[in-house]
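Use these hints to put chain B onto chain A, whose structure you have.
Sequences listed follow chains A and B, in order.
Each residue of the first sequence is one higher than the one before, counting from 1 in the UniProt record's numbering.
Each residue of the second sequence is one higher than the one before, counting from 1 in the UniProt record's numbering.
Worth flagging that the hints you see were computed from the coordinates, not collected in a lab.
Hints are supplied without guarantee of correctness; some may be wrong.
Copies of the same chain look alike in the list, so a pair counts if it fits in one copy or across any two.
Stated by the list, open to error - In silico DSS-like links for lysine-lysine, alpha-carbon gap of 27 Å or less: (1) Lys81 x Lys129; (2) Lys2 x Lys140; (3) Lys191 x Lys210; (4) Lys191 x Lys105.
None of the values given here were measured: they were computed from a predicted structure.
2 protein chains.
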Amino acid sequence: MKHFSNEDIKALETRFRALMINSLSGFKSANLIGTVDANGQENLSIVSSVFHLGACPPLVGVIFRPHSVPRHTLENILETKKYTINQVNIQMYMAAHQTSARYDKSESEFEQTGLTAEYNHDFPAPFVKESRLKYGLTLKDHQLIKLNDTELVIGEIESLHVDDIALLEDGYIDIEALDSVAISSLDGYHKTQRLNRLEYAKPHNPTRIKPLG
Amino acid sequence: MKHFSNEDIKALETRFRALMINSLSGFKSANLIGTVDANGQENLSIVSSVFHLGACPPLVGVIFRPHSVPRHTLENILETKKYTINQVNIQMYMAAHQTSARYDKSESEFEQTGLTAEYNHDFPAPFVKESRLKYGLTLKDHQLIKLNDTELVIGEIESLHVDDIALLEDGYIDIEALDSVAISSLDGYHKTQRLNRLEYAKPHNPTRIKPLG
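So here's chain A without its partners, still in its complex pose (with noise of 0.2 Å):
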């Protein structure tokens, strides 16, 4: 095993110790977050800090990098309080990965991308054809992480749309069957293949497998 302490982790080369850094937390989903802005400019943005904060209210959070680029994503949040998230799959994860370009805000990553907007169920943002699982959301909360001044963005799902296939009758939503992918560090991106789904885990009893669906 490698051993790296706090004291060599800072001393780095910057670009190494951010790819290392990524690394860490295994693996991140992917996925797409579709805004406008107040003149109805549309943005498009990958991101892989998406994470579950709760379902009911049914909550997700996202955090947003001091000057990374999804900050045009990060405005229109804020300016219109609806956004979309959309999942990235294999079919379209380069189109994806395209949206992290430092376009100019008067361009719009859909047209650039090829990837396609689409308006659902009087949702004011721009959801993503081309995902398979998606979601409007209304801004919540919005708080500042002073240790590194990024910023955590917790929104509240009004409108989800699932492809009618993934979603197994117990509730659980088949994400490997809709071909989403996982990333690691920087730009690595997977497929996945189950292991299995596992049951409730109880003390002194054997773990057990779950059928799927």
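What follows is chain B alone, placed relative to chain A:
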């Protein structure tokens, strides 16, 4: 596509809703958190809520739900300010899942699941010997998310151990080579297969595939 409004979601049966909403953020990291209390009693619990927060200083966040099983873990972190995070791999994901059973605080999940506690470089909290990427952290911040009484715990990485074979020349850690697993919803475990690493995206240039290492 199936559609759910916010009201539809709130009307769902509790367990169905938990499985469904936990699927929406996408693939999640699988980690074991190792702690001790002030008396040296060890605790170990699996969490899917570890996320990257920043590279310099190297910060990692974890979300704890109110009244969830890992409360012993949270109590120990608040008490001792020290904890370890250990990536879960294919070889031990079933034992890792078993740590989510509601054991008494006097029972060590290490003993109950067969995972091995290991102390390294004078770090006071236990690592998981079977994990091939693990780090010790010091608590830096702890804030309540009032919307749903979840708690955000932020730690700084003090001591990092990673299997040599996975650390590539540019700093990327090949967590797939470590057999790290990804989680879907509450109980799905997945191995991965890399699609590609992708080059840093530039406007008006096609997305380019990056060599692995």
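**OP:** Against the structure, test the hints numbered earlier, and report the numbers of the ones violated in rising order.
**Re:** Per hint list: single violation, 4.
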